[in-house]
Structure formats: structure tokens, C-alpha cells
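Protein chains: 4
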Amino acid sequence: MGRRLKMGMIGGGIGSFIGDVHRKAAAIDGMIDLVCGAFSSDAEKSIKSGKELFLSDNRSYSSFEEMIFAEKLLPEAERMDFVSIVTPNHMHFEPAKLALENGFNVVCDKPMTLTIEEAVELEMIVERSGKLFALTHNYTGYSMVKQAKSMVFNGDLGNIRKIQVQYLQGWLSTSVEKTGHKQASWRIDPKRSGIGGALGDIGTHAENLVEYITGLKIDEIAADLGVFGDDRVLDDDGNLLLRMENGAKGTMSISQIALGEENNLAIKIYGDKGSLEWQQENPNQLISRWLEQPLKVFTPNGNDLYPEALNVSRIPAGHPEGYLEAFATIYKNFATHLMAVLEGKNIEKPDYPTVKDGVRGMQFIYAAVESDKNNSTWTKFK
Amino acid sequence: MGRRLKMGMIGGGIGSFIGDVHRKAAAIDGMIDLVCGAFSSDAEKSIKSGKELFLSDNRSYSSFEEMIFAEKLLPEAERMDFVSIVTPNHMHFEPAKLALENGFNVVCDKPMTLTIEEAVELEMIVERSGKLFALTHNYTGYSMVKQAKSMVFNGDLGNIRKIQVQYLQGWLSTSVEKTGHKQASWRIDPKRSGIGGALGDIGTHAENLVEYITGLKIDEIAADLGVFGDDRVLDDDGNLLLRMENGAKGTMSISQIALGEENNLAIKIYGDKGSLEWQQENPNQLISRWLEQPLKVFTPNGNDLYPEALNVSRIPAGHPEGYLEAFATIYKNFATHLMAVLEGKNIEKPDYPTVKDGVRGMQFIYAAVESDKNNSTWTKFK
Amino acid sequence: MGRRLKMGMIGGGIGSFIGDVHRKAAAIDGMIDLVCGAFSSDAEKSIKSGKELFLSDNRSYSSFEEMIFAEKLLPEAERMDFVSIVTPNHMHFEPAKLALENGFNVVCDKPMTLTIEEAVELEMIVERSGKLFALTHNYTGYSMVKQAKSMVFNGDLGNIRKIQVQYLQGWLSTSVEKTGHKQASWRIDPKRSGIGGALGDIGTHAENLVEYITGLKIDEIAADLGVFGDDRVLDDDGNLLLRMENGAKGTMSISQIALGEENNLAIKIYGDKGSLEWQQENPNQLISRWLEQPLKVFTPNGNDLYPEALNVSRIPAGHPEGYLEAFATIYKNFATHLMAVLEGKNIEKPDYPTVKDGVRGMQFIYAAVESDKNNSTWTKFK
Amino acid sequence: MGRRLKMGMIGGGIGSFIGDVHRKAAAIDGMIDLVCGAFSSDAEKSIKSGKELFLSDNRSYSSFEEMIFAEKLLPEAERMDFVSIVTPNHMHFEPAKLALENGFNVVCDKPMTLTIEEAVELEMIVERSGKLFALTHNYTGYSMVKQAKSMVFNGDLGNIRKIQVQYLQGWLSTSVEKTGHKQASWRIDPKRSGIGGALGDIGTHAENLVEYITGLKIDEIAADLGVFGDDRVLDDDGNLLLRMENGAKGTMSISQIALGEENNLAIKIYGDKGSLEWQQENPNQLISRWLEQPLKVFTPNGNDLYPEALNVSRIPAGHPEGYLEAFATIYKNFATHLMAVLEGKNIEKPDYPTVKDGVRGMQFIYAAVESDKNNSTWTKFK
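Chains A, B, C and D are the protein sequences, given in the same order. Take 1 as the starting number for the first sequence in the numbering used here and just add one per residue. Take 1001 as the starting number for the second sequence in the numbering used here and just add one per residue. Take 2001 as the starting number for the third sequence in the numbering used here and just add one per residue. Take 3001 as the starting number for the fourth sequence in the numbering used here and just add one per residue.
In isolation and in its complexed conformation, chain A is listed as follows (with noise of 0.2 Å):
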């Protein structure tokens, strides 16, 4: 095998909590060296935190811009593989555009832009470029996620009848932006979120779990968004109904003012032949159900689990896995779809979410807000 890929990271100062997460995800399966950064828009800031990364301080730049362009000067055995968009919404768009038409791949954080125009026109981006692209929706990235999928894909489960989806947080329970509170100042801020709050934050999320498992569309929503923190603009809590392509029903709830949750992302999908549970806070537990047998419980590494599901585990069962190892997985899967395109060969459906991905779901935070808007009228993804 050849050599490790080298990852340049646009935001993620030091202090930043994605930045921090994308870093250790990228590193853990010793695939990825991080080698440089434009970790903020002040220059002696961004080498600060290049410094306290052990980078060396000519490889911290103090603008996106600047480092696409001298790191395409470098030679290809020191220059940069591949950009880490780890910014607020509103700086998405810009830099993986910019990265892409010169020739650099973009792994970019989720909602994918601030506008579904941008979305749209990153889509044809890509393509154009013929660069690869992951969006980091780091949720599908858990074994038992993926053992979820192929039990649906294999008909395990028989036709799905019903969804339940929530994601739930407390952190914006109080007005924690207006004290400060740097993740809060921008997420409730629509010039850096766009127009959705916690629909863009995490209801992307819960909406592309659903169909990362289903292998269903959500066909159309019928949306109730809150508003319950002063003076804010966004949504902070969301309460929907879903319609799924093949007339299955359901239920998503949202929210980030719902007090005392720490990170409770959770679905439930009800087939006619067998049904699943999966909590995000204990992810290492698959709950199944089935009509003439007891309730089994699927775990990591553990009994009758199908190869997707065997392939993600990298410790043996009751090793319990998290959140990093499964924003990890989407690194590993892109790394390796990468270093395969480097070496000119291909990979079959590598598995990881792309740019299509990200469409959808700056479909659904337009889907939501218009149904809002229209007192929660059953409205379509467009």
C-alpha cells in the first residue's frame, strides 16, 4: 500500500468543538496526517492553533483562499490531498467550491450550505470536477446503523409501515447565546445558519438517517417548527409528520430546548414483518422485534450480524463503540475510496454520504419552513 493521505482543514481553531471532533475521526485509523490549515481568519490565531496541532507555522494560513492556492504550488508529495470544510454554514459553500476547481477533494460538514441554491450548484461542482466529495453526516457511521440498513435492504423487515425519528437537545433551553456561547451565537444567527435553526443544526440529521436506513424517500412533511427562546428568529423545536415514496407514515421531533437532552437521536421503523430501535446515546444495542419471536438485541462485532455491519467494528464486542469511531467510519470510507481513485483503481458504491445527500437535506429544511409558514400543510421536497 502506498502512503497516508494529507488533509488541510478550512475552520476547527483550537477551542472549536468540531474542528476538534473531525481531527481525532480522521486520525484514529492512522489513514489521514493533518498538514495544514486555515484555522482562522487571523492569521496569527490560525497559527496559534497550528502550533498547539504540532503543525509547522508556514502551513497555518490565514485564509481558505490562501491556503487552496499554496498548497497547489507544493510539490504532490507534500501538498494536500483533501480539505476539511469544518466551518459555520455560510462558509460552506465558498471554500469547496474553490477547492474543488482546483482539483482538491472536500470533506464538509453538514447542513451542506446556508442556501439550497448553493446546494443545488455544489452538486454540479462536483460532478464537473470529478473530485470526490463527503458530507459528514457522522450518524450512519455506527455499526448498528449500518446492520439497520441491510436488515431493511434484505427485507427483514417486510414493507415499512411506520417511522418514528426524533432528535432531541437541551443545550438552547436558556439564552445561552447572549452570553457568549460561541456554537449557540451562530447557530440561531441566519446570516451564518440560513434559514433553518435546529432543522438545518440536527433535523438534517434524523432526516438523512431515516433514509440512509429505509432506503426510502421522504415524500412529504407536514411541519409545526417552534420558536421558544427569546428573541430568536430560527426555530429551536420542530414537530413533523412524514409520508415516505412507499406510503409508509410517521413522526419527527426535533428540538434544542428540550430541557435535560444531551444528544438523544433516536428512530424507530415498523415493518410488517419485523420492526428496529436504535438510540443514538447507547449505540451499541440494536433492538429488534418480530412477530413470533422475543425481542433480540443485535450489538457490534456480536451474533447474526450482516457484513456492513462487521466491517465498521474495529474492537470486538462489549468494546463499546462511539460517537468518534462512527464520524471515523465516514473518514475511513472516504480515505479509502481516495487512496483507491489515487492508485487508479475504482471502488464499488463506496459508502459514505455525498453531495446528493446534502441536496436533500437543504430539501428538507426548505420543505419544513414552507409547511410552517403554511400551517403545517403537507408540503413536498423540491
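Hints are computed from structural coordinates only; laboratory data are not their basis. Since we're looking at a predicted model, the values are computed, not measured. Everything hinted at is true.
As a list, the in silico BS3-like pairs of lysine-lysine whose alpha-carbon atoms are at most 27 Å apart: (1) Lys382/A <-> Lys1373/B; (2) Lys2178/C <-> Lys3273/D; (3) Lys3051/D <-> Lys345/A; (4) Lys1051/B <-> Lys2006/C; (5) Lys2345/C <-> Lys1051/B; (6) Lys1006/B <-> Lys1051/B; (7) Lys1373/B <-> Lys217/A; (8) Lys3006/D <-> Lys6/A; (9) Lys273/A <-> Lys2296/C; (10) Lys3045/D <-> Lys345/A; (11) Lys3217/D <-> Lys2373/C.
Here the structure of chain A is known, so what remains is to put chains B, C and D in place on it, guided by the hints.
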């Protein structure tokens, strides 16, 4: 203290699920004796049922009319004090009316009546009669449900913002009604069940639980009902959005085709100070979440409970109380009230569901069906 | 069918925990009426208790002797059929003996007697009397315990290799016996409890549960008892090693000073084909583990149960059954047996704990105390 | 800040379970680079392993001696800073000794050595060398284990009275060692494992966890070891009684034939003010119980934590941390210490297991084996 109360049962012949539940629930606390019954419209079957319940043949009647008129003629020391109506929905109104109008108190299963018109009329009949009427929304009898209600009432949770309630069963996942399943056959039949299927059977419990715990009225609902079973005409599934009178929002998910679910009634309530979670299948835990404290779990007869919760526990902490005990609490509170009345005393705020809860339940069914017909338009109770 | 059985209670005046439990447990299934009681040695108190239980004054006695002799003189249609003994341990033997020798059947709380000599003598008395004798090891009445027993019996687990059993409570963590706590005061008193403290009160339940489920005898034990409460003389804690007759090994941990524990009786059984786990505080789940299958969870009235488990469920799956129902199963099986005997019939393998279980329990206490005195030397039951 | 640390690995060729775990754990925090390895005594295999890890061929050695001597000759900027020893037990002492005596710091897997004599000698070698030595008792790296330790240390639980610890696995339930299972074959072999089987592999973790959390030494143990697998000579199961130096008592149950168990390390600690419960398979919860408060559940980065627990969480509450993160904490704390030392600084109380923990572990194994030979006589560590 005086004497045990004497109960006559309408419906509930041997083999019936809910009749047996009512008998056991009435028996646990030693306050009530079953003295007679119109267990079946077939005289022979009724007598056979009575025999197995150790009743003498002359107290087993073949119709509720016969029972009510015969018992009325008995001396007070022998005569039943109240009837317990455990028949299918279409057989609630007439027996209740006749009993009340002939001086008997009534315990009645839910949903209260076949139609909303009957419900409204029954409310007037109860008032006119001056007799006691209890509706067996049994889930309100759990100690932890009382604790939840008290916590909300005392402001521990602050303002309620979000509600999730679900009542999921799977027993109608297949066409059991075509295989002679007695419970199923009347529940899918509009003539015996009314316009709601799952809505009436379990949805009313969910609706009642929300209003009982929060002390808030549901203001309007948007319903998307499902009919998944072959050849069914009534809903066997439902997904609803809720708006409460105080501005709180929420979801309700009910189903009898949620394959593998047993009797999964669960509720989550989020306020701006604290939150609660309770699951009927694990009823001896009440999970609470807080802004600045760790998650706390309350247990029956455990630490830090309100008197309302302590009062209904019959056994020490750690000794699980179940469905029958919760059901018995309805009977106990009704019996306590009735004993007081018989002794010429009064009771402040007797704690059991009444005819008013029954009317709310019927309004809920009608609003949900109307909303569903109008493609999930928001619809108020009326 | 004939008539309900008539029960006379010894001990269990109003306010007593276990007397109330016995009454409710006896009442649930509608097979037993409480007709008389010697609730207290204080005549006035006994009558007061009787009144609150709706008994006429002349059936409330001030001693068990008075009750037994008076009831014996009543016509059969009025006379009690059996006594239920719910007094502290030192008051089990004499009433049981007198009842049996005067033709009354007996239900008795555990541990069976104050001393092992009494236990052995009582075994002979029961045999000689030809009367029925049930010991209320109530935890064997749970549906999932029956399922566990049947699974072992049918070889589903293969050879049993390892056992973990614990019974942990925390109510004696502080010196509650010095603050007038009635339950505590006799339980820490050797004159009323015998040579075992926690050993007798809860250890015998643990011992009985192990032997009931596995069908194996405990061969020898090594015990390290603890006396943590100030001024106590009896064990309030115990740690034991177990060796079973078939070579299986295990641990037993019991405590009444396990602060915060409510009533945490739990057992794990490991065979060479499968394993089981059950917890009394969550009694409606039986967890099973397998070599080549995922973990499965059995539930009362759920899928794939043995008839023995199905038979004791009174309500459908998902409707939690609790402590009182399990306790009631002892009474129900005893009552069913007694009714058959009264009708001149027989019953094969009646399923309730007997005087033999009581003798085993006393042997367990004595072996544990002896082992502990010998610095935890392995000690056989004798 | 300076530079990343450079790690050389001994053992852990591709396909090895624990080598891969060490590499991922070392990588997560971006402080350590793998620069060389003696992955196998077969030169070709070692090089092949190195290649897959993106190492150049000249840094893949065919023996630890070769690696240590070759690396010693490299300039400081290239030379490894420490070795990580991930071989079977019989190959711990010699490489550790050689590394230390040649100026390299050491991370070593547990149990520390093959014999107690080696352990004692290694302790002296470490002291003499002035180098750092970390033993990977990785379970102490969990945030909730740190919280538990801090709670005990700060007196929240009061005096510790009772301990239950278990470490249950099922992977040796059948004779997998006869089917070419690599992990199994050396673990059941005294030449490579030493005198303890399950005792060394998992028992030492349980012992270490007890002493780490409670801050108390185990004073003596009474052990009943089991050898259930066909033709095995080492224990694959063990049941032990514990006496702590402060008078607390407890049980320890370990097994590798607990069929169906995955990696069930769990501990319960009871004090006279509060109690704790933690399970490795659900590591993001620490359950606490209290005299006069409801049960509380602590979570990583949740409310009311001690700094020691907060410090080790890498991600926000509700984002599960798993086995690799806990393992990484050992590496992170070791690396932080080593970086400080390299910069001439000092660290107060570095928090990772040391050679002293390794000696305790070996004493535990020897005491247990001795006790077992003497029919479970109480035996002190020596």
C-alpha cells in the same frame, strides 16, 4: 368503618380480557365484592361465568336490564352498589344510562361511548342523577404518573414547552380479526367501536394522559391516520401534531400495527425548568432531567416524592407495582368516594377520571378523524 | 366449581407491611376470602384491625390459640380453611403446629422457623397432619422465573457452570431500629429473628431462587458475613461463595446496608449452551444469551414461552405484572391445590414452596453462620 | 509547544487485536506518531505489517533487540521516544527491561509480567532507569471511572462498606483454542500467560479498578477458581471474596466461560452516605444512590462532575465515548507527562497506571492461585 361495596358487572364473561382485569383490580384492596353480573346475553353462558366466579346462579343475569331491575328490588344489604361496564364501546351508553337512572353508581370502560352525541348526553345524565361515574383511564393510577402530575402542578418543570406521547401496540399487525380473534373483531368494526379504531382504543388513553399530567388542554391537533390492515375501515395507526392551550407543541404517535410492540405507552414532557419521561412498560421509574443537575430517577415509595405519589403505593420501594395495581387505584379512589357518600360524607377532589374525561376523549376521536379527512388540517376539539 | 376458600390470618394488623401484602395477594384472584384474624395479641387492636378489614368483631381474635380453637368449633360453611402466618420468625412454629394439629392448612411466611430444630420438627408435623403447607417464597411466583426454571429444566442452557445471585437492600444502612422502625427492630433481634439477620430475611430468598430455577442443590458455601450497623449482633451483609451439587460455582451477595438499593434481587445463570439474567426490580424481562444468536429478551405472555410461564400471567404482554401478582401466584397455586383436595381430587406437582423449602432455608442460614465463624471455611448444608 | 512523540511498537502485527487498539488509542489525540515496530519475529511479516501501517521498511524490525539498538543509534529527531509492548505476557519483561536500560520510556500491556519475580525486578529497573512506565489498565481512562474515584476521594460516599466487582466474558465458553483461535491459544497456555488464566487477563483489570476507584487496598482474598474448558490447566472462571484494608467486604466474579457475555466489567461500591454503580458496556452512565435523594445518573460532560471527570471527555454530553477513547486517555496522560519531562518540566500526580499497579496485579494473581489451592483460605497479597 362500614362495609365493603358490592359490584355488579356488565359484560366480562369468563375468557374476556378486560372483565378479568376489572375484577382483579376491584378485588386487590379488599373494599369491593363482586355480587352479581350480566356477563353475557346468553343466559347459560352468564350463569356459567358466574359459577366460575363463585356467584350463586340467581345473581347471574342475562341482560343488563334484567340485572338493574332485579337488583333494584333487593334489600339494600344485598343489592349491588354500582355497576362496572366492561362491554365493547357500543354497549356503554345504554347500560350506563339505565344504571344511573335507577340509582346505581357506574364504573365504565373507555372510550366512554360509541358517539360524541351519546357522550354529551351521558354527561347530562350523570349530573342529573347525582350518582358517581368513573371512567377507567387506568394509566393515571400509576404512582409515577401521580408524581409527574404533581411535579408539573407544583411548577417543578416551569412552563411546559414540548410533549411527546406515544401508544404503540403490534397486535393488529396481521389480520388476526380474520382468524376469530375476539378482541380484534369488534375493535375493527365501526358498529361496535365507533368512528375511531386505534384512536378510541389507545389514542384516548394517550390524550387523557397528556391532559392529566400537564393539567393543560389540547387546543388543536393535526392528524394523519393510517389504515394498514387488509380490508380494514378504521384507523390502526395514527401520527398527530399537538398544540396545547399554553402554546406548547408536540407529537402523538399511536399504532396497533407497530409490530412487536406490546403496550408501549410513553410520554415525555419538557418544561423550561425541567423535563420528565415515563414509560408504561417500565412504570416504576420516572426519569427527570434538569438544567444544572444530573438526571434523577424517582421510584414508587422512594425519595423526594409528592404525597399524591406516595399515597397510591401499596408496597415498599423496589417491590414493582404493575398494571393491575394502577387499575386498582381507579377502583380504590372510586370506592373511597362512594363509601364516603354512603356515609353522608364528602371528599374534596376525588382523584379518578370522570364523565368529563369521557367527553374529552370523544372530542379527541372526532377531531382526529375530521383533521385526517381534511388532509391533516389543524382541528380543534368541539 | 365449588366455593371460595376462607382464610384466617395470624399477625398482620393494620400498619404491618407483610400482612397487607398477604391479604392483597390472596384477594387478587378471587379464590380466597379473609374471614377472621388474630391480628394482634392486644384484643382491642385486633378488633380494630378486623374492623378496618370489614370483619365482624367476633372473628377478630386476640391470640392464634383462641382463633384456632374457636374456628374449629364453627360449622364447616363458616370455618376458616387455612391460616396465613405473617408474624415475625419466632412466632411461626407454634401457630403452624397448632393449626396443623387441629386440622387447618397453613400458609407461612419465611424464614420458616426461628431454629433449625423447629424446622425439622415442623416438617414431620406437616407430614403427619396430611394438611397442606405453603411457604411464601414469593419471588418464585413471577412468570419470568417460571420461564427460567423451564428453560433450565428443558436443557436450553445445557450444563450449568456459573451462578451469580444477589439480594441487595439499603434500608438498614442507618440505625433505623433506634428510631422506632418496627420492621427493623425485630429483624435485628436474635430472639425474634433467629441466628440470621439479612441471611434469614433475604438470603433465604436468594438461596431458594437459585435452587428453584436451576433444579440443583447448593452443596457447600463459604460465607463472610458483615455486621455494619452500630450495636447490631446479627449480620446485615453477607458475601458468599457457592458450590452446586453438579460442580457449578458461584457467588451470592446479600445486604441490607447496600445504601440506596431498594429490593434488588437478581440472578444470572450461565450454562454451556446459553445463559439467563433476571432482576426482580424489572421482573417482566428475562434476558437470555446464546453462543451463536443475539441476546433475546422474553416477556410475560410474549413469544416463545414455556407453558409454565404462560400459565401464571394474568394479563397480556406489555401490561406489567408486579410483586403482588407474583405473591398472589403462591396463594393461587396453594388455593387451587386445596380446592382440589377439598373436592377429593389430586393435583400433580403443585407448584408452590413447601415445608421442604423451609428446611433448606434454615440449613442455609445455619451453614452460613457456621462458615462465617470458621473464617469462611467451606460448609455443607445439614 | 514542541513536537509529537514517536512510538515504536513491540508485537501487534497486522491482525492482532490489541496491537491495533494501542495504535488507534495512541493516534486519537494527535500527540503520538507510530514511527517503527518489531511487529513480528519473522522479518518478512514485520515488514509487511509496517507497510500496511505506512512505515518505511527500514523501521520495521524483526526483534525488539534489533529495534532498540538500531533506534538508539538514530538522531534524536528521528529516534523513537518510547516503546509500546503489546505481546503476550511472557514477552513483556525482557523488552521492557531492555528498553528502559537503553533510555527508552515504556508503555506495557497487562498483566505486567509472566511471574511475580519479574514484576518486582521490573519495578526496580524502572526506578533505576528514571524513565516513565505506563501499564495499560485502560478501563481507568473512562470519564465516569474518574468521576467515581473523585466522588469516593471527596467523601461523597462516606465510608466504603461493600464492593461488588465482576468481569465476565464468554469467548472461552467452547474450546476455541482447539480451532486455531490465536488469542485463545496463548491465553490458556501457562508458558505464555503465567499461572493465571482469566485471573491475569481480566481479573487484574477488576482488581485494579477496585483499588483505583476506592483508593483502598485489597487486604485479603478467598478464591474459588474454575477450570471448565476441556483440557485446560489455567482458570477460566473465578469467584472470590474480598476484604479491603478499611474493613469493607465484597465479591469478585470473573469468567471467560460466562456464555454470551461480551466484555461485562462492572462495579458497585456502597458507602454509608452514598453508592455507585458503573458498567463498562454502558460506560457513559454513572449511577449513584443516596439516603435521602433519588437515584442520580452522571454522564460525561454532564452536570455536577468533578474536574477529573470533565478533563477526560473529548466531546459534549450525549456523544458516546467508548473503549478506544478510554484507552487513549492512558496514552494521552502518559504522553503529556513525557512531553513535560522532555521539556524539562514536571507534572504533579500524573494519572496513568504505573509499574506499582503492575506489581499489585501480579500479587493479586498469586494470592488468588494460592487461596484456591488451599480450598479458598483467606490469603493476603505479598
